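S.K.: Quick mapping for you: the protein sequence lines, in order, are chains Y and W. The numbers in my numbering rise by one with no breaks, and the one at position 59 of the first sequence is 59. If you want my numbering, it's the position in the second sequence, counting the first as 1, plus 202.
It should be emphasised that the hints constitute simulated quantities derived from the structure, not laboratory data. Treat the hints with care, since some could be wrong.
[Said to hold, decoys possible] Restraint-style ranges between C-beta atoms, simulated for each label pair:
1) 54(Y) <-> 227(W): 57 to 65 Å
2) 340(W) <-> 180(Y): 35 to 43 Å
3) 317(W) <-> 43(Y): 34 to 42 Å
4) 5(Y) <-> 247(W): 35 to 43 Å
[Said to hold, decoys possible] Not close to chain W: a few residues of chain Y, all C-beta gaps over 10 Å, as computed:
5) 5
6) 18
7) 25
8) 57
9) 64
10) 69
11) 165
12) 172
13) 191
It should be emphasised that the depicted structure is a prediction, and the values quoted were computed from it without experimental measurement. Quick reminder that beta carbons are idealized off the backbone N, C-alpha and C, glycines included.
One-letter residues, chain by chain:
Number of protein chains: 2
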Amino acid sequence: MSHAPNPGRLRHFVTAFAALLDSKPPEVQILRDGGALLRQLIAVDDWLPDAYALPQPERYQQYLLHADSAERFSIVSFVWGPGQATPIHDHTVWGLIGMLRGAETSQAYRYTQDGRLQASGAAVKLTPGAVELLSPGLGDIHKVHNTLADSVSVSIHVYGANIGAVQRSVFAEDGSHKTFISGYSNTHLPNIWDRSKELKQP
Amino acid sequence: MSHAPNPGRLRHFVTAFAALLDSKPPEVQILRDGGALLRQLIAVDDWLPDAYALPQPERYQQYLLHADSAERFSIVSFVWGPGQATPIHDHTVWGLIGMLRGAETSQAYRYTQDGRLQASGAAVKLTPGAVELLSPGLGDIHKVHNTLADSVSVSIHVYGANIGAVQRSVFAEDGSHKTFISGYSNTHLPNIWDRSKELKQP
Ligand SMILES: [Fe+3]
Ligand SMILES: [Fe+3]
Ligand SMILES: [Mg+2]
Chain Y
1 MSHAPNPGRL
11 RHFVTAFAAL
21 LDSKPPEVQI
31 LRDGGALLRQ
41 LIAVDDWLPD
51 AYALPQPERY
61 QQYLLHADSA
71 ERFSIVSFVW
81 GPGQATPIHD
91 HTVWGLIGML
101 RGAETSQAYR
111 YTQDGRLQAS
121 GAAVKLTPGA
131 VELLSPGLGD
141 IHKVHNTLAD
151 SVSVSIHVYG
161 ANIGAVQRSV
171 FAEDGSHKTF
181 ISGYSNTHLP
191 NIWDRSKELK
201 QP
Chain W
203 MSHAPNPGRL
213 RHFVTAFAAL
223 LDSKPPEVQI
233 LRDGGALLRQ
243 LIAVDDWLPD
253 AYALPQPERY
263 QQYLLHADSA
273 ERFSIVSFVW
283 GPGQATPIHD
293 HTVWGLIGML
303 RGAETSQAYR
313 YTQDGRLQAS
323 GAAVKLTPGA
333 VELLSPGLGD
343 IHKVHNTLAD
353 SVSVSIHVYG
363 ANIGAVQRSV
373 FAEDGSHKTF
383 ISGYSNTHLP
393 NIWDRSKELK
403 QP
């Protein structure tokens, strides 16, 4: 792993997010205040180790960066190779998506009265610094793709669960769906907890 | 990293420990109930990836396995090469030490009235399955060494903080001390959160 100069930024985000959740706030507050924290995190791009920003030719990568001890939240680096895309899928838990590099485009879908899925509203393009919110109560079915056809994009996702272990669904436009569990692309997490070099030795 | 067959055991320990702490119990309950959880974890030796059990010739290794989002606790694999030992040191936070492989010997120290340190009580030898408790209120100064002169020992430690970032002290027998922050030996943590293979796909 190459060392990003400021891994402490991610650690500060984790501890601040945990403090936010400790007050057991309603989802809307998690999305608002957690979204503000995520906006701070992605405002500077000097903390993500290179190993968690590597694209793979076969498909987009989902690198777990941190999982909360009680699986209250998880943080994932999504890395999009040129032109890569997800299927239409849901999340079942709240989510925050913050764009770090490049751009991604999210298209929401809704069920029609006759049980098919159709695109709903305009596609949303995220550029660095932007944060999108996902709430199952508002409808959290979407399809996402790398806006850039010729380069890598990276977004930082926060979910209200250990998202790689959540049973979710992928959908076809005819409204049919299949359940899936995403897992993660990585077998190691970054150690963001070693402060021995930052802390002043007396 | 070679994959231990049951990394899920560590994940279960983490989530159970987090649930224990969620009730904000007094320290004695953390040590009692957390100690019981640790005893379960170390009762079977099939979950620690090899990368976190590797000795180094220079000194004992401290591999962080998990840090809680709010730094309420951390879990560390201590790996002792043949005959390796710590200096006399303290912890400043509660601790649990569970022996996984080999054996280690802990000698407690106390200050005498004239300000020197002296060994206090008999040395405690831990063998696999045993759990030792550390409480700053009871005095948590000790020196630990690998009981085995010719092979590797591994113990699993749980502390009431992100221990690698805690300012602590090492002591000389004349009672003098120096502060230190241990840090960790590893730059990656094991990803124990991917349950996609364990969870039955419907
Ligand atoms: Fe999504
Ligand atoms: Fe110790
Ligand atoms: Mg936690």
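S.K.: Now tell me, hint by hint, if it's right for this structure.
M.R.: Now the hints, each set against the structure:
Against the hinted window of 57 to 65 Å, the Cβ-Cβ separation of residue 54(Y) and residue 227(W) comes to about 42 Å, which falls outside the hint. Against the hinted window of 35 to 43 Å, the Cβ-Cβ separation of residue 340(W) and residue 180(Y) comes to about 50 Å, which falls outside the hint. At about 51 Å, the beta-carbon gap between residue 317(W) and residue 43(Y) misses the expected band of 34 to 42 Å. For residue 5(Y) paired with residue 247(W), a C-beta distance near 38 Å keeps the hint of 35 to 43 Å intact.
Residue placement check: residue 5(Y) keeps its beta carbon more than 10 Å from all beta carbons of chain W (closest about 14 Å). Not every C-beta of chain W lies more than 10 Å from that of residue 18(Y), the closest at about 4 Å, which undercuts listing it as non-interface. At the 10 Å boundary, the C-beta of residue 25(Y) stays outside the reach of chain W, the nearest C-beta of that chain being 15 Å off. Listed as outside the interface, residue 57(Y) is consistent with that label: its C-beta sits roughly 21 Å from the nearest C-beta of chain W, beyond the 10 Å cut-off.
Some Cβ of chain W comes within 10 Å of the Cβ of residue 64(Y); the nearest lies about 6 Å off, and the non-interface call is violated. Non-interface call for residue 69(Y) relative to chain W: violated, since the shortest CB-CB distance, roughly 4 Å, does not exceed 10 Å. Here residue 165(Y) does not stay apart from chain W, with its beta-carbon only about 4 Å from theirs, under the 10 Å limit. No beta-carbon of chain W comes within 10 Å of the beta-carbon of residue 172(Y); the shortest separation is about 17 Å.
Its beta-carbon lying about 5 Å from the closest one in chain W, residue 191(Y) breaks the requirement of being farther than 10 Å from that chain.
In this structure, the hints that do not hold are numbers 1, 2, 3, 6, 9, 10, 11, 13, in rising order.
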